[in-house]
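Undergrad: Sequence:
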Amino acid sequence: MVACDKMLRAGDLELRFHTPSILCGCAEYWAKPGATPTQFEAAKAGCQSRGYQQFPPMPQLVVTPSAQGASFSNTKCSSSDSSSSCTSFGGYVAVPAVRTVDANAAARDSAVRSCLFQDGWIPAKDKEEADAIFRSAPQSGQPPR
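Remember, the working numbering sits 1 above the position in the sequence shown when you count from 1.
Careful, some of the hints might be misleading.
With a Cα cut of at most 20 Å, we get these calculated EDC-like pairs of lysine to aspartate or glutamate [as the list claims (entries may be wrong)]:
#1 K126 - E29
#2 K45 - D127
#3 K77 - D132
#4 K128 - E29
#5 K128 - E42
#6 K128 - D103
#7 K126 - E42
#8 K45 - D120
#9 K45 - E130
Hints listed in this document are in silico derivations from the structure and should not be mistaken for laboratory results.
Given the sequences, and given the hints that come with them, work out the whole structure.
TA: Following this line, the structure appears as structure tokens:
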């Protein structure tokens, strides 16, 4: 399954959305013999609508360790009349990566793909193959839906 990552930053918070390609505009080509790209866009919109009804967005925060963080150090000194002593300490605080994922994205993408297959649409490897499929005659003399 082809997918896109979209990222939103707000201050130090980074939200990453993993979105199936058919929903985010990444290049994925579909065609149907005798149909047009406009008919595909209409079919895709209908399938996406049904997919969102069946599997609405379910955002979930995912927290993972990250290489980003901050080092710190501190020195504390104390003195008495006859001597002074200093103690140094420090460490590293890791800042976790927080991202949002849609727990229903994969199921929704499958529902949209199923819907397109049921309507007779065929995935194509590239635009040229999709154009060739569009130009071919409909099977069994059936007009495209």
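Undergrad: Do the alpha carbons of K126 and E42 lie within 20 Å of each other, as the hint requires?
TA: 17 Å, holds
Undergrad: For the pair supplied as a hint, K128 and E29, confirm whether the alpha-carbon distance does not exceed 20 Å.
TA: Distance of about 9 Å is within 20 Å: holds.
Undergrad: CA of K45 to CA of D120, is that 20 Å or under?
TA: Since the Cα atoms of K45 and D120 sit roughly 10 Å apart, the hinted pair holds (cutoff 20 Å).
Undergrad: Are the Cα positions of K45 and D127 separated by 20 Å at most?
TA: 17 Å, holds
Undergrad: Checking one constraint from the list: CA of K128 to CA of E42, max 20 Å. Satisfied?
TA: 15 Å, holds
Undergrad: Quick one, are K45 and E130 close enough, alpha carbons at most 20 Å?
TA: The hint holds at about 18 Å.
Undergrad: Is the Cα-Cα distance between K77 and D132 20 Å or less?
TA: Not satisfied, since the Cα-Cα distance of roughly 73 Å exceeds 20 Å.
Undergrad: Check the hint pairing K126 with E29 against an upper bound of 20 Å on the C-alpha distance.
TA: Distance of about 8 Å is within 20 Å: holds.
Undergrad: For the pair we were handed, K128 and D103, check the Cα-Cα distance against 20 Å.
TA: The hint is violated at about 29 Å.
Against the hints set out earlier in the document, violations occur for numbers 3, 6.
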